[in-house]
Amino acid sequence: MIKNDFHMIKGQVAIVTGASSGIGFATALALAKAGAKVAVGARRTELLEKLKKEIEKIGGECITVACDVTKRSDCDNLINSAVNKWGKIDILVNNAGLMPLSFVKNLKVDEWERMIDVNIKGVLYCTAAAIPHLLKQNSGHIVNISSIAGRIVFPAGSVYCATKYAVRAFSEGLRQELSTRNNIRVTTIEPGIVDTELTNTITDKSLEAFVKHSKSIQALRSEDIANSIMFAVESPPHMNVNEITVRPTTQER
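Just so we're on the same page, the working numbering is the position in the sequence shown counted from 1, plus 15.
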């Protein structure tokens, strides 16, 4: 990827949720390589320590914070830990999410609630914790990871798609509220099929064929999505990359 000469992020402070694997892990590493100081949060702290070592190996700075985004106090603690360490935050990547797809008729209500708690409330909690700091400095960038499912609804994805539509709507509302008035840019990233752990949470046995099909497609890599995020955050200040949709070349919908 060609680096932008106008707005490099060296020295900026970035926060990434769901950083223990997949897109979050790759994004934190990419941010660190570009010179950002990175605070990473997730429930699996042992994997965060692995990420921290990778970042420190390339000369970067990283702090790890145990964070379950369904708990508002954990989200507050993640943001506050970065501010206490470095005095500010510049970039928030709301990446934590899960996708236990199921047909509505199978009434996996507990899974619905979990998706709402992680995919929607987690984004809201972390954003709420970050906004006062971004407003104070009158700058910043919020990146929310939605999905192609935030644009296209499919069978067994009713609730998951609803959560990702919510993320997209919230992001656009944030942009209208904060970008023109407070110089806080907002970007929504909408990946198609990515080779991550996301399908591991599917418990509906009738979706085995779907999972098999999704694995047959040459999926995107987590690094592909990290590169998309880097394009947005490294864009010049006058340019707000609002939405990026990224699909595998062979993915039809």
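Hints are computed from structural coordinates only; laboratory data are not their basis.
Mixed in with the good hints there might be a few duds.
[Said to hold, decoys possible] Result set (EDC-like, lysine to aspartate or glutamate): computed pairs, CA atoms no more than 16 Å apart in a straight line:
id, residue 1, residue 2
1, K25, D91
2, K48, E238
3, K230, E187
4, K220, E238
5, K48, E76
6, K120, D219
#### Entry: Violated hints - listed by number, lowest first
1, 3 and 4
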